[in-house]
Amino acid sequence: MSPNNHEEERHVVNIASYLKRVAGIEPYKRAVVYPAGRDNSGRVMYSHLTFLQLDRESDCLAHGMEKAGITRGTRTILMVKPGLEFFMIIFALFKIGAVPVVVDPGMGIRRMAECFKEGRPEAFIGIPAAHVIRTFYSRFFKTVRVWVTVGRRWFWRGFTLNQTRQVPWKPYVTAKTRGNDTAAILFTTGSTGPAKGAVYTHGNFDAQLRHIKTHLGLSMEEIDLSTFPLFALFWPPLGITSVIPDMDPTKPARVNSKKIIEAILDQGVTNMFASPALLNRVGEYGKKRNIILPSLKRVISAGAPVSPSIVEKFASMLGENAQIHTPYGATEAVPIISITSNEILTETRKFSEKGYGICIGRPINDLKIRIIKISDDPIQMWSDDILVEDGEMGEITVAGDLVTRKYFEKPEADAKAKIEDKDSFWHRMGDVGWTDSKGRIWFCGRKSHRVVTKENTLFTIPSEAIFNNHPQVFRSALVGIGPHNQQKPVICIELKRSRHKINKKDLKKELLELADQNEMTKDIKTILFHKSFPVDIRHNSKIFREKLARWAEKKLS
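Heads up: the sequence shown begins at 187 in our numbering, then just goes up one per residue.
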């Protein structure tokens with residue numbers, strides 16, 4: 187190899203190359219494990235791919251997809267359920283240098299189709315149900331020229347996945363992508379505004395892998411239970427076995443707890459990623475039955491604020507040295523801050539319950555976190571003048587190699603979310619918080635959810651914590667009614683399920699007394715009871731306060 191080729195190889199960045207390396211080191215180790223059904227006795231029958239099989243199957247698909255017209259840079263919609271094919275397809279696309287376009291399937295068909303249209307896709311890979319949907323929304327897919335069906339193809343044109351699988355196997359040379367080349371477009375859920383496509387580069391993915399591995403102390407001996415498909419993509423490049431659970435990933439709050447526990451015990455799972463909603467459900471089930479998960483040494487929960495009570499519930503199922511990590515981030519930058527269950531339960535919980543916010547921990551590795559003055563206006567250039575003092579509320583910003591640089595063809599959104607800084611840039615998280623004397627960040631809610639009255643500004647997480655202390659309250663949500671700067675604060679309450687009838691008049695009186703005892707909530711005089719809060723699709727945990735605000739306004743009008 188010439189010196190020039192050596193130099194070129196040194197600058198190649200592509201997480202698919204890690205898969206090839208792992209396949210060379212541990213060819214027969216299980217890469218992906220999938221529940222394929224049950225035997226006559228009800229035991230789960232597991233199917234799997236080894237690292238060698240995953241590498242070779244993705245090679246076969248990469249060859250065939252390239253011949254079908256999916257080449258380097260091709261924006262490709264991916265609508266495939268978690269399973270063996272999902273992993274084979276995604277790594278085939280990375281090897282080609284194609285650009286997967288990923289949208290939350292629980293977003294609703296219409297909104298999902300609009301996101302796909304914005305992504306201007308050129309290829310579509312999906313299960314038959316996804317193809318049926320796209321035939322009804324054909325005007326949203328006019329830019330697509332290659333169609334691939336994962337499963338049986340019916341009346342629509344294109345290839346089946348099997349037709350794009352080139353055999354016999356021969357090695358596929360992974361595209362020599364650079365760090366700043368586009369690797370994927372991942373759409374935000376749009377829980378606080380229109381969904382936007384965050385442009386991930388190969389450098390972003392590479393940095394994420396590095397930060398996750400070093401921060402969590404992961405080794406190739408780990409076995410992960412992947413309850414969130416996108417996060418599962420990190421495990422094969424790290425040589426970690428990924429177990430796909432028997433669940434609908436779009437509905438973690440309705441998961442069958444027995445099946446999650448069964449998978450952990452069957453496979454000796456050591457690591458698990460789960461939304462707070464899933465942790466809450468499984469933790470409640472396990473705590474009542476005194477279930478212990480001896481193999482599980484690390485739980486990662488993200489997607490929404492994780493309350494100390496949920497942490498405590500799930501921690502009751504873990505061994506003495508196990509930890510729950512609650513990393514903070516967003517589609518555009520994740521993970522950036524983290525804290526463990528030990529610190530939450532022994533130090534920060536009591537302050538969270540008093541309305542200080544939720545402590546999300548310290549910056550991960552060498553990522554930079556700064557708190558700036560709250561403003562809804564774009565900030566063109568960074569200046570230290572916009573920083574707030576420790577202990578003062580502001581907007582959380584981040585800079586680092588895993589942070590995405592832009593949205594796909596959304597310059598206005600870029601202007602609102604990015605701040606230029608010499609050779610770098612800062613991403614505005616859109617969340618408010620403050621820094622304590624130990625360098626920990628306390629999360630206090632979304633900036634857009636703050637309630638600005640004539641007298642002061644109320645923030646959601648600190649205010650809601652006061653009401654959540656009541657034993658009959660499952661969760662609460664602060665919303666503002668009326669014009670900005672003159673809003674009326676209203677607290678919406680979702681009660682815990684109970685077999686007994688609750689006297690709401692007496693309960694309202696108790697809640698108002700709680701509010702009156704705290705400086706932050708003493709001005710809240712209106713309480714509304716809601717049967718079941720609308721929540722985000724991806725994690726079933728973030729509350730849609732915009733919808734609640736409209737509901738509250740109608741109730742009070």
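These aren't lab readings, by the way, just hints derived from the structure by calculation.
For clarity, every value in this text was computed on a predicted model and none was experimentally measured.
It is possible that some hints are incorrect.
Stated by the list, open to error - Capping the alpha-carbon separation at 30 Å, the derived lysine-lysine pairs in BS3-like fashion look like this: (1) Lys690 with Lys536; (2) Lys674 with Lys695; (3) Lys328 with Lys206; (4) Lys682 with Lys640.
Evaluated hints:
About 27 Å separates the Cα atoms of Lys690 and Lys536, which keeps this hinted pair within 30 Å; it holds. Taken as a hint, the Lys674 and Lys695 pair is honoured in the structure, with Cα atoms around 19 Å apart against an allowance of 30 Å. Distance restraint check for Lys328 and Lys206: the Cα-Cα separation of roughly 35 Å exceeds the 30 Å cut-off, and the hinted pair is therefore not satisfied. Using a Cα cut-off of 30 Å, the hinted pair Lys682 and Lys640 is violated, with the two alpha carbons roughly 33 Å apart.
In the structure shown, a violation is registered for the earlier hints numbered 3, 4, in ascending order.
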